[in-house]
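Novice: Given next are the chains, with one letter for each unit.
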Amino acid sequence: MTARLESELRALGDLIDWPTGSDLSVAVSARLRAPSSRPRRRWLLAAAVVVLLIVILVTPPGRQAIARLA
Amino acid sequence: LVEGRPLDDQELVTRTKNGDASAYAELVRAHQDIARRIAFLVLRNTAEVDDAVQEAFVKAYRALPRFREGASFRPWLLQIVRNEALNRRRGASRRDRLSLRVASDPALGDAAPSPEAAALTAETRSQLLNAVDDLPVRLRQVIECRYLIGLSERDTASTLGIAPGTVKSRTKRALDQLRGAIVAEDDR
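From first to last, the protein sequence lines are chains G and P. For the first sequence, our numbering assigns the number 1 to the initial residue and increments by one for each residue that follows. For the second sequence, our numbering assigns the number 71 to the initial residue and increments by one for each residue that follows.
Because the hints were derived from the structure by calculation, they are not lab data. Since we're looking at a predicted model, the values are computed, not measured. A hint or two may mislead.
[As the list claims (entries may be wrong)] The calculated label-pair distances, taken between Cβ atoms and stated as ranges, are:
{"hint": "1", "chain 1": "G", "residue 1": "2", "chain 2": "P", "residue 2": "167", "range": "19 to 29 Å"}
{"hint": "2", "chain 1": "G", "residue 1": "26", "chain 2": "P", "residue 2": "193", "range": "27 to 37 Å"}
{"hint": "3", "chain 1": "P", "residue 1": "99", "chain 2": "G", "residue 2": "35", "range": "38 to 48 Å"}
{"hint": "4", "chain 1": "P", "residue 1": "239", "chain 2": "G", "residue 2": "46", "range": "42 to 52 Å"}
{"hint": "5", "chain 1": "P", "residue 1": "223", "chain 2": "G", "residue 2": "42", "range": "39 to 49 Å"}
{"hint": "6", "chain 1": "P", "residue 1": "250", "chain 2": "G", "residue 2": "46", "range": "51 to 61 Å"}
{"hint": "7", "chain 1": "P", "residue 1": "117", "chain 2": "G", "residue 2": "47", "range": "56 to 66 Å"}
[To be verified] Listing some non-contacts, in silico: residues in chain G with all C-beta distances to chain P over 12 Å:
{"hint": "8", "residue": "24"}
{"hint": "9", "residue": "25"}
{"hint": "10", "residue": "58"}
{"hint": "11", "residue": "60"}
{"hint": "12", "residue": "62"}
[As the list claims (entries may be wrong)] One side of the interface only, derived from the structure: several residues of chain P facing chain G at Cβ under 8 Å:
{"hint": "13", "residue": "95"}
{"hint": "14", "residue": "98"}
{"hint": "15", "residue": "106"}
{"hint": "16", "residue": "128"}
{"hint": "17", "residue": "143"}
{"hint": "18", "residue": "146"}
{"hint": "19", "residue": "194"}
{"hint": "20", "residue": "198"}
{"hint": "21", "residue": "219"}
{"hint": "22", "residue": "232"}
Cβ coordinates follow ideal geometry from the N, Cα and C atoms, glycine included.
Isolated chain G, as found in the complex:
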């Protein structure tokens, strides 16, 4: 009975209303050709951190805060 059930399940797979669509390779290739925004975002974040550190080190309240911590 197991073999029959397995065979029926496989047959059922043939009959399911699976989604179909157009060729995705065109859209995927276009996405891959487009410049990624991720590296740019990473650079912006790094630059923001550096600016923040400079502000903390240069301004008196920032230096005092560091001195207190030390």
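Assemble chain P onto chain G, guided by the hints.
Specialist: Relative to chain G, chain P alone:
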């Protein structure tokens, strides 16, 4: 193509890694249908399937440098597709039930299903489909991958991120439950 022979996944992956964009397009074409099925089984929403699959192919391309040489591409890809679909499904509570093609009824269309599929009566089909849909999710996933999509035990394990032994035991439990559900239905 090499001397008229289609390139296999291994060759296409190597070519993609070496910067051949057309090789990756070939991989997308070769696996997009099965990827759509995997995404659909998770999302159960046809409208979202293509977006999820497209995103998964982009993520797979970016992860290719980490793809182990000599490993099988398809289960690796399907795992990425499944994860992408799972991420998109979070929050969505509605889940469509699986449905059968209208043309699968020989009386209604001229599609040519397999002989086994043609032999299934309409009643058996819907009974079986409902029984699969009502299985606990862990058991259902295994049945969907193994039988409805037709993945091997090993590919099912890789796609679902579980051990092959777990696939085997869950398959057995699921088949037992399906058999019980069908017998119970017949007894009514």
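Novice: Hint by hint, say whether it matches the structure.
Specialist: Evaluation of the provided hints:
| no. | hint | result |
| --- | --- | --- |
| 1 | G:2 <-> P:167: 19 to 29 Å | holds, 25 Å |
| 2 | G:26 <-> P:193: 27 to 37 Å | violated, 42 Å |
| 3 | P:99 <-> G:35: 38 to 48 Å | violated, 24 Å |
| 4 | P:239 <-> G:46: 42 to 52 Å | holds, 49 Å |
| 5 | P:223 <-> G:42: 39 to 49 Å | holds, 41 Å |
| 6 | P:250 <-> G:46: 51 to 61 Å | holds, 60 Å |
| 7 | P:117 <-> G:47: 56 to 66 Å | violated, 40 Å |
| 8 | 24 | violated, 5 Å |
| 9 | 25 | violated, 4 Å |
| 10 | 58 | holds, 39 Å |
| 11 | 60 | holds, 45 Å |
| 12 | 62 | holds, 39 Å |
| 13 | 95 | holds, 4 Å |
| 14 | 98 | holds, 4 Å |
| 15 | 106 | holds, 5 Å |
| 16 | 128 | holds, 5 Å |
| 17 | 143 | violated, 15 Å |
| 18 | 146 | violated, 16 Å |
| 19 | 194 | holds, 7 Å |
| 20 | 198 | holds, 6 Å |
| 21 | 219 | holds, 6 Å |
| 22 | 232 | violated, 19 Å |
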